[in-house]
Every structure is written in C-alpha cells, then in structure tokens.
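Student: Sequence:
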Amino acid sequence: MGYADIYAAWKADPEAFWMEAAKAIDWDRAPTKALSDEAAPMYEWFADARVNTCWNAVDRHVENGRGDQAAIIYDSPITNTKARITFAELQDKTARLAGALAGKGVTKGDRVIIYMPMVPEALVAMLACARIGAIHSVVFGGFAANELAVRIDDCTPKAIIAGSCGIEPGRIVEYKPLLDAAIETATHKPEFTVILQRDQSPADLVKGRDFDWNETVAAATPAD
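The sequence shown runs 12 to 235 under our numbering.
Heads up, some of the hints might be wrong.
Here are the simulated BS3-like cross-link-like pairs (lysine-lysine), alpha carbons at most 30 Å apart as the crow flies [claimed, not checked]:
no.: 1; residue 1: LYS115; residue 2: LYS44
no.: 2; residue 1: LYS115; residue 2: LYS22
no.: 3; residue 1: LYS34; residue 2: LYS169
no.: 4; residue 1: LYS22; residue 2: LYS119
no.: 5; residue 1: LYS115; residue 2: LYS34
no.: 6; residue 1: LYS34; residue 2: LYS44
no.: 7; residue 1: LYS34; residue 2: LYS22
No wet-lab data here; the hints were simulated from the structure.
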C-alpha cells in the first residue's frame, strides 16, 4: 500500500485507521477507542489502554527471536569508541538498572532526572525508568548547576542518574561538580544518585547519596 492509499484510509475513517495501527504493538490492556475528544481541545490518545514502552522497544524483539540483532550501534568520534549492543544485551542492562532503581524505592509515577552524555547508558537509563513506570526527565549533560537546580525543583525527582563527565573536542566537562552544586542549590533534594564513572574523569561520590552505576547494577535483581 502506497502513501496515497494510506492517507486515503486515514481520511475516510481516522478512528478505524488508528485502532488498526494500534495492533502493531503489544498492549497490557488494549484500547477500545483511539482518540478521546470529550475534553477538546485537550485530546487524549488511547485513554483506556495500558502499555509499557520498554517492553515494546526491547523485550518483544527478544521474544520474537531478534535477541542477537543489534539494538544500539554506538560510534563516538570523540573517544574513538565503537560498540554494538544486541536486543538481548540491552534487555539485560535495562532490567538490571530498573531493578536497582526499584530496589532503592523508585516506583510508578516517581520522577528521575537523567543528566548524561550521549552514551548508550543514557538510553538504558530512559528504558529502565519506563520499565518500572517512572517518569524520566532528560537534562542536557553539562548544563550549568543553576539551570539543573531549576529542573530539580521543577520535577522533584526521587533520583538522578548522571555521568561523571562529558567529553567534547579538546576538553573534558566534569558533570559531578555541577550536579553537586545543583543539589546544594535546589530546594528539593533527591534521595539518591547513580553515577556512571567514566575513565576520563572518575568522580568522588558522596557516601550514602551517590552510588556507582556498575556496582549498583551488579548487585541488583533484574526487574521483569
């Protein structure tokens, strides 16, 4: 079916078109209606349905025999690092971080700030939050402490996941001092942080508040 045919099908019956399109993913509870317009112009899609984004992005591909297929291809010209992460590997990494967050009390509806460089672990962090129903708020890695503090007070996160540093052409940007200053400035205090220690600039951790990513994930029970 070409573009014109697809467009015509949507135009003829938008509700039926999107209900049929919804069959392409796995639902915990399938929708009975595509678009709820009772509160127009505040529309809501698939209002009576329930879905897990992490399952649809990762687990169902493993279930369908694509576990050995590449899910993430990482190629950094800055660090000259290349990595290939399969769906099965991504599932394990995500489930372990999700289990670590859940083990520290993060539950459905809690907010988690992700303050990370553009590394595969940033994607793992987003998926881990989705896996347990937490809401993630991505803050651009390296944002100034004051700007990060504003975002901490805005979303009141239970936890913050951060990298120890970011790497730019010709310089290393240490994230951890910015994170420490932001937490000190903010009125709201997260219960804990998870820090991805990078070889280029490992960070000092605050005892009882900051937890090493690798150690925390290794000790966690994976979340289903």
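Student: With reference to the structure, classify each hint as holding or not holding.
Tutor: Hint by hint, here is what the structure shows:
About 37 Å separates the Cα atoms of LYS115 and LYS44, which puts this hinted pair outside 30 Å; it is violated. Taking the CA atoms of LYS115 and LYS22, the gap is near 48 Å; set against the 30 Å cutoff, the hint is violated. For the given pair, LYS34 sits about 34 Å from LYS169 by alpha-carbon distance, which is inconsistent with the 30 Å threshold. Straight-line distance between C-alpha atoms of LYS22 and LYS119 comes to about 37 Å, which puts the hinted pair past the 30 Å bound.
With a CA separation close to 35 Å, the supplied pair LYS115 and LYS34 exceeds the 30 Å bound. For the hint linking LYS34 to LYS44, the alpha-carbon distance of about 12 Å falls within 30 Å, and the restraint holds. Pair hint LYS34 plus LYS22 holds up; C-alpha atoms about 19 Å apart against a cutoff of 30 Å.
Consistency note: the structure conflicts with the earlier hints numbered 1, 2, 3, 4, 5.
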